[in-house]
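Visitor: Listed below are the residues making up each chain.
Number of protein chains: 2
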Amino acid sequence: MEKKSSFALRLDKIYDWMAEEGIALLMLEDTESRRDQNIRWFTGHPGDALLFLSVDRQAILAAWDINLAKLHATLPPEAIFSYNDFDRKPSKAIAAVAKKLGIPIGSRVEIPSVTPYPLFLDFVGELTDFDILCRNKGSGAEINKFRAVKDDEEIAIIKKAAGITNELIDSIEKNVKSGKIKTEADAALFIEMEARSHGCEGTSFDTLAAGPDRSFAIHAFPTWTNAPFGTKGLSILDFGVKLNGYCTDVTITFARDLDEKQEKLIELTEKAAKLAISMAHNGTMTRDIAAAVDRLFSKSKKKMPHALGHGVGLQEHEYPLVRNSSENDWELSAGMIFTIEPGLYDPLLGGCRLENDVLITESGHEVLTTARIIRL
Amino acid sequence: MEKKSSFALRLDKIYDWMAEEGIALLMLEDTESRRDQNIRWFTGHPGDALLFLSVDRQAILAAWDINLAKLHATLPPEAIFSYNDFDRKPSKAIAAVAKKLGIPIGSRVEIPSVTPYPLFLDFVGELTDFDILCRNKGSGAEINKFRAVKDDEEIAIIKKAAGITNELIDSIEKNVKSGKIKTEADAALFIEMEARSHGCEGTSFDTLAAGPDRSFAIHAFPTWTNAPFGTKGLSILDFGVKLNGYCTDVTITFARDLDEKQEKLIELTEKAAKLAISMAHNGTMTRDIAAAVDRLFSKSKKKMPHALGHGVGLQEHEYPLVRNSSENDWELSAGMIFTIEPGLYDPLLGGCRLENDVLITESGHEVLTTARIIRL
Numbered sequence: 001m002e003k004k005s006s007f008a009l010r011l012d013k014i015y016d017w018m019a020e021e022g023i024a025l026l027m028l029e030d031t032e033s034r035r036d037q038n039i040r041w042f043t044g045h046p047g048d049a050l051l052f053l054s055v056d057r058q059a060i061l062a063a064w065d066i067n068l069a070k071l072h073a074t075l076p077p078e079a080i081f082s083y084n085d086f087d088r089k090p091s092k093a094i095a096a097v098a099k100k101l102g103i104p105i106g107s108r109v110e111i112p113s114v115t116p117y118p119l120f121l122d123f124v125g126e127l128t129d130f131d132i133l134c135r136n137k138g139s140g141a142e143i144n145k146f147r148a149v150k151d152d153e154e155i156a157i158i159k160k161a162a163g164i165t166n167e168l169i170d171s172i173e174k175n176v177k178s179g180k181i182k183t184e185a186d187a188a189l190f191i192e193m194e195a196r197s198h199g200c201e202g203t204s205f206d207t208l209a210a211g212p213d214r215s216f217a218i219h220a221f222p223t224w225t226n227a228p229f230g231t232k233g234l235s236i237l238d239f240g241v242k243l244n245g246y247c248t249d250v251t252i253t254f255a256r257d258l259d260e261k262q263e264k265l266i267e268l269t270e271k272a273a274k275l276a277i278s279m280a281h282n283g284t285m286t287r288d289i290a291a292a293v294d295r296l297f298s299k300s301k302k303k304m305p306h307a308l309g310h311g312v313g314l315q316e317h318e319y320p321l322v323r324n325s326s327e328n329d330w331e332l333s334a335g336m337i338f339t340i341e342p343g344l345y346d347p348l349l350g351g352c353r354l355e356n357d358v359l360i361t362e363s364g365h366e367v368l369t370t371a372r373i374i375r376l
Numbered sequence: 377m378e379k380k381s382s383f384a385l386r387l388d389k390i391y392d393w394m395a396e397e398g399i400a401l402l403m404l405e406d407t408e409s410r411r412d413q414n415i416r417w418f419t420g421h422p423g424d425a426l427l428f429l430s431v432d433r434q435a436i437l438a439a440w441d442i443n444l445a446k447l448h449a450t451l452p453p454e455a456i457f458s459y460n461d462f463d464r465k466p467s468k469a470i471a472a473v474a475k476k477l478g479i480p481i482g483s484r485v486e487i488p489s490v491t492p493y494p495l496f497l498d499f500v501g502e503l504t505d506f507d508i509l510c511r512n513k514g515s516g517a518e519i520n521k522f523r524a525v526k527d528d529e530e531i532a533i534i535k536k537a538a539g540i541t542n543e544l545i546d547s548i549e550k551n552v553k554s555g556k557i558k559t560e561a562d563a564a565l566f567i568e569m570e571a572r573s574h575g576c577e578g579t580s581f582d583t584l585a586a587g588p589d590r591s592f593a594i595h596a597f598p599t600w601t602n603a604p605f606g607t608k609g610l611s612i613l614d615f616g617v618k619l620n621g622y623c624t625d626v627t628i629t630f631a632r633d634l635d636e637k638q639e640k641l642i643e644l645t646e647k648a649a650k651l652a653i654s655m656a657h658n659g660t661m662t663r664d665i666a667a668a669v670d671r672l673f674s675k676s677k678k679k680m681p682h683a684l685g686h687g688v689g690l691q692e693h694e695y696p697l698v699r700n701s702s703e704n705d706w707e708l709s710a711g712m713i714f715t716i717e718p719g720l721y722d723p724l725l726g727g728c729r730l731e732n733d734v735l736i737t738e739s740g741h742e743v744l745t746t747a748r749i750i751r752l
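If you read the sequences in order, they're chains A and B. Just so you know, we're using our numbering here: the first sequence kicks off at 1 and counts up by one. Just so you know, we're using our numbering here: the second sequence kicks off at 377 and counts up by one.
Excised from the complex, chain A in its bound form (with noise of 0.2 Å):
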């Protein structure tokens, strides 16, 4: 028997879902306005599209590109149609595939829930004969938890893409010290010249290099300048490359000449990054991680501002959550990769981040990236 590929792994387990949940017909959007990575994860077509999946085990998609679809989609032909077939519409799109594919009067459609209310209500108007669904807790979330645990394809092209990382990381401290990264610009687009040269589709996001007048921001704006980087105080890199459209996320800070209350803010961070680590095995709850580095910087009178990390894959931002609030449900288990990236920001002192990637295995964890507080 041939071995199913891992885009129809993923078709069968939304298709059963579907079966569960008694959904007739489901449409995922990716757009401008409200990017979906799940039509790339179900079918290799990397966005602007429309993807509609019936509970028989249908998939039509309906793309912005046509050639770029008939490319990249893992889809016989004769379910890629162009998105201007349906004037650009999603609810005539949807109206068009529930006929053609027989959809039932009566039954459970299920759009994005994200989809705007104005255009729920589009949807409404246009689908008179079905039971329209957009929740929060639907198909969306369920892809969503799908996604958080990674199949051995994933794990397999995260791994590739931290191995580039950590080369890149290495060359950065080397090229750092030596002086031929000297400004954020060099920073950046070193990372931008080498993830491509690596066989990277990108970066995987716009690369963040702030120097010490500009690293006390959790995110520095604009990105990246021409000022110095490295100089005495505390600089911060916070980066990505995207392979086969997987990320990673990574932040190195650089440290020179520090004075004493700087050392304080990398101590804490590099020892919140210790303990964070130490806690992550199959079954933990997210929110313990990131309540006891909150005791930990709080033991200090410091507070972190943001998040102390979330999964990456097809996103830089995805499950699991890893924040310490009390709705945040998510366990941790075998499969899951995800960064924890402590950090401290202080207007006078400049900011401190330590980002990594872990992967949580059967037996406990693996960290799969190099990030590190660099000395200069």
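If you're looking for bench data, these hints aren't it; they were derived computationally from the structure. None of the values given here were measured: they were computed from a predicted structure. Where is the CB? At the ideal position from N, CA and C, for every residue including glycine. This list has only true hints and no planted wrong ones.
Derived contacts from chain A toward chain B, CB cut-off under 8 Å, selection only:
| id | residue |
| --- | --- |
| 1 | S33 |
| 2 | D65 |
| 3 | L68 |
| 4 | N84 |
| 5 | Y117 |
| 6 | P118 |
| 7 | C134 |
| 8 | A185 |
| 9 | L189 |
| 10 | R196 |
| 11 | S197 |
| 12 | A217 |
| 13 | H219 |
| 14 | T225 |
| 15 | P305 |
| 16 | P347 |
If you want the ones that stay clear, here's a sample from chain B, every Cβ over 10 Å from chain A, calculated:
| id | residue |
| --- | --- |
| 17 | L385 |
| 18 | G482 |
| 19 | R632 |
| 20 | K640 |
Given chain A, put chain B in place with the hints provided.
Guide: What follows is chain B alone, placed relative to chain A:
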């Protein structure tokens, strides 16, 4: 009397509109999954925040990064809060702000039209004492209309950004001709570097550099690789720079050793650009321009698979719409800045697009950028 800042004048416009519409409180949101440049337009703060505006002309900003907000937002410090103060929940924040500002019970309160349906239900649940509005033709549409017509300060910034873009076009032409730019990566990195060294925040979007093997796609995927650029056939370079938040957007096509069919694509694209620009003036409906281009192409049995253009400003895609659709009722008026970007694509021949940014003036138009077909 002190001259009002552009920000204050923009706030005046929306406060006046709120009074006319009987809206007591307005919420704007900029967040990772729902970007909204309106907060930057009204306050200068570049992002990740909620902005509340009340009909009695008070503004409150709840920012994810309060240090950054205090640096950038043109609001008094006492009007700037941390988003964490509201547990990072928009529905909780709006309830607290309504109380703080003394918004009378029963008032009309408007939330963004892009609010997902399930989140809309949260607002309704939290704000039981108010009349919640979430409308496509509400405040968001009104602000978009304001923003489609640039004020003098915006025109000055975009002209400066266009000047930088034009310098870049010239240097790219020189470097492709001299052989210094040989690959897609060379072109993309050259633009990244030059944009920043000219004082830009960065590029408007991921530069799209597609050599002859990949130019058939409207937006090649990935946006750039190490593939050859400017070799035999058609190469597309679509890029823009972002200066003080404002975007340019141009596309150059490089042509080398074309066959007759490829020459035809170029000829038609240039003709279409010329025709469209000649029609661009105060009072013209943008759909008439787009329809004229469609007719031109269809005479040669060609079809453009995307819109003819779009507004540019704080976003790389904004209003006015410039497309051939019966629902598009945008009429050009002085101060509008938008792209004209005819293009034709063929899986075998490659693609060709020519995109420039056009400003409508009282007496006609001004083409701000100098993108062109460059023959090698």
